[in-house]
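Student: Here's the letter readout for the chains.
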Amino acid sequence: MRLEGARVEENRLLAPEHRRMVLHAPDIATSAAPGQFVHLRVHDSLHPLLRRPFSVARRDVTAGTLTLIYRVVGEGTARLADRRPGDRMDVLGPLGRGFRMLPGKIPLLVGGGVGIAPLIFLAEEARRTGRQVELLAGARTAALLVGEEDLREFGVECCPATDDGSRGYRGPVTGLVAGRLDGRAVYASGPPAMLRQVQLLAESVPAQLCIEGVMACGVGACLGCSCRTRDGGRRLVCTDGPVFDAHEVSLDG
Amino acid sequence: MRLEGARVEENRLLAPEHRRMVLHAPDIATSAAPGQFVHLRVHDSLHPLLRRPFSVARRDVTAGTLTLIYRVVGEGTARLADRRPGDRMDVLGPLGRGFRMLPGKIPLLVGGGVGIAPLIFLAEEARRTGRQVELLAGARTAALLVGEEDLREFGVECCPATDDGSRGYRGPVTGLVAGRLDGRAVYASGPPAMLRQVQLLAESVPAQLCIEGVMACGVGACLGCSCRTRDGGRRLVCTDGPVFDAHEVSLDG
Amino acid sequence: MADLAVNLAGIRLRNPVLAASGTFGYGREYAAVVPLDRIGGIITKGTSLEPWPGNPPPRTAETAAGMLNAIGLENPGLKHLVEVDLPWLAGQGATVVVNVVGRTVDEYAAVAEVLDGQPRVAGLELNVSCPNVDKGGMAFGVNPESTYALVRAVRRRTRHPLLVKLSPNVTDIVRIAEQARDAGADGLSAVNTLVGMAIDIERRRPVLGNVTGGLSGPAIKPMALAAVWRLARVGLPILGGGGISVWRDAVEFLLAGATAVAIGTATFVRPRAMLEIAEGLEEYLLCQGIERISDLVGAANPGARAG
Amino acid sequence: MADLAVNLAGIRLRNPVLAASGTFGYGREYAAVVPLDRIGGIITKGTSLEPWPGNPPPRTAETAAGMLNAIGLENPGLKHLVEVDLPWLAGQGATVVVNVVGRTVDEYAAVAEVLDGQPRVAGLELNVSCPNVDKGGMAFGVNPESTYALVRAVRRRTRHPLLVKLSPNVTDIVRIAEQARDAGADGLSAVNTLVGMAIDIERRRPVLGNVTGGLSGPAIKPMALAAVWRLARVGLPILGGGGISVWRDAVEFLLAGATAVAIGTATFVRPRAMLEIAEGLEEYLLCQGIERISDLVGAANPGARAG
Ligand SMILES: Cc1cc2nc3c(=O)[nH]c(=O)nc-3n(C[C@H](O)[C@H](O)[C@H](O)COP(=O)(O)OP(=O)(O)OC[C@H]3O[C@@H](n4cnc5c(N)ncnc54)[C@H](O)[C@@H]3O)c2cc1C
Ligand SMILES: Cc1cc2nc3c(=O)[nH]c(=O)nc-3n(C[C@H](O)[C@H](O)[C@H](O)COP(=O)(O)OP(=O)(O)OC[C@H]3O[C@@H](n4cnc5c(N)ncnc54)[C@H](O)[C@@H]3O)c2cc1C
Ligand SMILES: Cc1cc2nc3c(=O)[nH]c(=O)nc-3n(C[C@H](O)[C@H](O)[C@H](O)COP(=O)(O)O)c2cc1C
Ligand SMILES: Cc1cc2nc3c(=O)[nH]c(=O)nc-3n(C[C@H](O)[C@H](O)[C@H](O)COP(=O)(O)O)c2cc1C
Ligand code: FES
Ligand code: FES
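Chains as they are written, first to last, in the numbering used here: chain A, 1 to 253; chain B, 254 to 506; chain C, 507 to 813; chain D, 814 to 1120.
I should point out that these hints are in silico values taken from the structure, not numbers from a laboratory. One or more of the hints may lead you astray.
[To be verified] Calculated Cβ distances over 12 Å to all of chain B for the following chain A residues:
#	residue
1	P48
2	L49
3	A78
4	R79
5	D82
6	R88
7	G183
8	E212
[To be verified] Quick list of the computed label-pair ranges, beta carbon to beta carbon:
#	chain 1	residue 1	chain 2	residue 2	range
9	A	P192	B	D335	30 to 38 Å
10	C	R778	B	P269	32 to 40 Å
11	A	R228	C	G795	32 to 40 Å
12	A	D231	D	R1018	21 to 29 Å
13	C	Q794	D	C1100	54 to 62 Å
14	A	D252	D	V897	30 to 38 Å
From a predicted model like this one, the values you see are computed outputs, not experimental measurements. All residues carry an ideal CB built from backbone N, CA and C; glycine is no exception.
Construct the entire structure; sequences and hints are all you get.
Tutor: Shown next, in the form of structure tokens:
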């Protein structure tokens, strides 16, 4: 875990409300693993007060950069969208426990919306270590299927699903999962409803879910991001997760 | 009093920590008088929360613009300094009671630091109505003598004083006042210490002071900007002022 | 068209968005940008029998997402209200609630009595919660017994709808509210400002002339909302406020149990805030298919009793 | 070199900047960015006799310049503290104050008794002010009698310096503090969070699993500072806190009468906030030509009594 004064190198619109930010933060870039996140101070002001967590979508150890893909949903992400190349931003990371790539199983990556971000990093690492990767990506509509540009750079094609059928399968991305589970290990990231569906579908195969939670500290100090496990226990999303085994975590909270 | 969504046309550095902002706000520009101020929402965020008051330094009825000259002293003015041409800003104004130009007396304008702002407007109006104007301007050092550029546009030269003697008279601008009072009416704007000095020096001539106060509403609704009068009464800086007769107002608060 | 009209403890309001006492003067100050017949109503500056001079300056200070004030209830007195402000406000079509203050029970009661004959007054808001005066104000409202005695005395002198404005600076606001109810209040106004202060570290002395002041603005919204939530069980209609800045904030107060909302500091920031909030509420009702704003009141609060 | 060392009610601190309870875990979480031997001390998460599970999620919510939390004192219990955390903290050179919680007087007292034999503990902070648990916590600290009884019982079991952490959610904090003093407390810690809430207007229900929570962060600074100002007359040394974010805020608390300051929410925002504040204080002393930080304590407050 490092605290770096990162320089913004890029912050551009990818799709309506979706942006891609590249940060020069060499220490964090070097040590990050897929599924881990950074905790950003989006602005030097008292409003919004708290940091905002974002998955690492890519990293480039040589260039010392991190890439984030984010959706503008509120005040914090709006402020993030205002940042320009050259601006400095305070980044804490890498944080959390990422994906554990299981040997001997073909990785099936399932992403919903901007949840695809950590899967890009995971796919890139998988390719780098010579693995085959399948990636299913869902979005409301074709224009919001973000990340394909990045994926293509290292030769991963995604299999798209859109709610309105404007590209690929029409319907939730989980509709593509059912027939593809054999011999696979599932790595999923997306909205709660999607993750719940994956949890149901992937009962018979190993599956890991990258979940979100409301975070204050991001490092395990405040106990604020507690989530329930299926056996009634408690876990912290920020340090025990954000990636959990699908059979471990309960998503109804 | 109007509430206008003004467009920033210019916001440039004049001197260290001093900036000049031009706003397109035609309704307010048309109705403003020297000594009046505008109440600005410097940013669309909760921090800083309240508006900030600034004297109108110039206005151009044809172009529909207002000019402000401001010093960056805290969070609010720092935010103001961030605004770029094209940005929108919420402006309330014109507010307050400005200078009352007295007939038959040569106006002697005395400005300290950024307090010169309303005097520029006053000088321009005086020239426009064919009057002679004398303007004494004080600052810590030569580089901080702002406003001369504007003054020259309508042919007013200021007589400078600097604390460090780097230009003009060495010492407080009030050092220039004493010998010049005969047949004059004084119009002063600047830091409290300067205004107190002017108040003392100008006992024998008519004098008006543009004073500052902490303002919440700026329109007389909160009763927050109360100041004392010499006879123990109370006045509101925002509506009874900011320009007061020197013999009326007490400056020791 | 969604119906924004509400009846707050007997006060009929065209919409549930009122100007909070002391933040809107007597209506004149903002009239150029806020038409008084477009907001629910205006609650006047705290008005006393005789004129009050208020506290020494500085009287306000900005804090994080809030502001401190220690005006000290400066006001031109009841006579001025009756002779100058009420007629003018009537001419504007404003619904007027008078915020009443006093140093003693008798002073409060005397103001109420004079106003009882005033048809231009829609209701009274009894200020037992101003933190910025030595006598009167909060001194009454932090104590259950003195709250009861004061409300009872005023109740006897007025037939106007009577709201009691509560202080959040107490251990148990519900207990105070119950006393107000039992003494005959028609509704509750919650909440007034929280006691706070700021220190000037250069001069090493309090920023405010009065040392402490009352905190208002977005910073206090969580406390104000929690107070309304708890007060909903008292069974009186509530005028909720404290830190409301946008229509979403107003909806939170309604859902917690408020019948109407008071907007103060937000007006300083955005003079048209009340109009924006009323418009936002109307749009919200339309989007959600809710017919009457009163259907939202207490809808998130299982403990809320119909007011 | 200016002298930042202070003695807080018998606890020797290398500088007056402490990590507030519950915002710094047991020190491990931030150790990579905040060396524990560079801050004044760490106050642990509230620790109970047995492990506590805490409240259902969501447990935090952001508000204007603040945050609500309703953690509910989740903690792994006293045994874990003694066996795992204290030895580790000692290895880091940390000065450790243990925040003590319980459901009953006996539970509090039992924790104090076990810790009495622990030389690795520099002092205790008795939490009678947590707003997020049904039993214990604030239930004690809003009542003068129960505060007295609790502090007295704990005082009998411990020779450690004993701070009592007060709730701002009371009508008269000075009265509670006097009870704590009379029952044998060595110092006061002021203040804990203010009770607040937020409502999710889409789901029409409270945002927090626990309905209400405690507000912390810059929003509460004015109230916290006013509490410290008033408490300075009680005559006990004060650990001040609530909304401190930068060194200038810390100076305000010292000038009001605090001997040291606790930093909570600011650490979430800027993990190195405590170090920045300590550095800022040192620079301030140098600039102002003040030799000892203790010379600032109460310097703006004529009512302050030496602690
Ligand atoms: C470990 C982790 C990794 C994340 N990675 C990414 C990422 O790579 N890209 C990305 O765009 N976002 C990511 N998020 C979500 C991101 O942190 C939030 O969208 C952001 O904090 C919202 O801040 P805001 O101030 O803009 O919105 P707020 O003003 O806080 O909220 C605005 C609206 O968005 C909703 N919202 C807030 N937080 C979330 C959330 N976590 N999930 C869904 N809705 C939310 C709120 O309910 C509210 O309606 C991640 C979250 C976590 C915990
Ligand atoms: C009627 C009126 C007209 C004004 N006209 C101008 C103008 O033309 N140009 C201009 O630069 N400023 C002008 N001011 C002052 C200006 O409003 C303040 O400088 C500004 O509000 C400070 O905001 P801030 O958030 O940057 O500083 P804050 O964070 O509020 O304060 C930062 C520091 O500046 C000091 N400060 C704050 N307000 C003032 C003040 N009013 N005077 C002196 N020091 C202050 C504070 O004590 C503090 O130390 C005017 C003020 C009034 C009342
Ligand atoms: C400058 C100012 C003056 C106030 N004067 C009064 C008053 O005279 N009587 C009263 O009951 N409340 C008074 N209040 C309290 C407000 O009516 C309101 O209860 C409080 O500000 C909280 O609401 P807000 O956060 O929306 O401002 C005043 C508040 C401010 C900021
Ligand atoms: C997430 C969180 C957990 C807290 N847990 C405790 C606790 O266990 N015991 C306690 O006495 N105070 C606890 N507090 C209160 C803080 O110690 C502190 O008093 C309060 O947050 C105000 O300071 P701040 O504004 O600097 O955060 C907690 C605060 C937060 C934000
Ligand atoms: S966010 Fe603080 S413990 Fe996870
Ligand atoms: S600033 Fe509100 S009355 Fe002057």
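Student: Would you mind marking each hint as holding or not holding in the structure?
Tutor: Now the hints, each set against the structure:
With a least beta-carbon separation of about 9 Å from chain B, P48 (chain A) fails to lie farther than 12 Å from that chain, contradicting its non-interface assignment. Chain B draws L49 (chain A) into its interface by the beta-carbon criterion, the shortest separation being 9 Å against a cut-off of 12 Å. The non-interface label for A78 (chain A) is inconsistent with chain B: the shortest C-beta to C-beta separation is roughly 10 Å, within 12 Å. Here R79 (chain A) does not stay apart from chain B, with its beta-carbon only about 8 Å from theirs, under the 12 Å limit.
Listed as a non-interface residue, D82 (chain A) fails to keep its Cβ farther than 12 Å from every Cβ of chain B; the least gap is roughly 10 Å. Remark: the non-interface label on R88 (chain A) is consistent with the geometry, its nearest Cβ contact in chain B lying 14 Å away (cut-off 12 Å). With a cut of 12 Å on Cβ distances, G183 (chain A) stays outside the contact zone with chain B, its closest approach being about 52 Å. No beta-carbon of chain B comes within 12 Å of the beta-carbon of E212 (chain A); the shortest separation is about 24 Å.
About 37 Å separates the C-beta atoms of P192 (chain A) and D335 (chain B), a value consistent with the hinted range of 30 to 38 Å. Roughly 37 Å separates the CB atoms of R778 (chain C) and P269 (chain B), a value that falls within the hinted 32 to 40 Å. Distance hint check: the CB atoms of R228 (chain A) and G795 (chain C) are about 34 Å apart, consistent with the given range 32 to 40 Å. D231 (chain A) and R1018 (chain D) have their C-beta atoms about 26 Å apart, which keeps the hinted 21 to 29 Å range intact.
Against the hinted window of 54 to 62 Å, the Cβ-Cβ separation of Q794 (chain C) and C1100 (chain D) comes to about 57 Å, which satisfies the hint. For the pair D252 (chain A) and V897 (chain D), the beta carbons lie near 32 Å from each other, so the given range of 30 to 38 Å is met.
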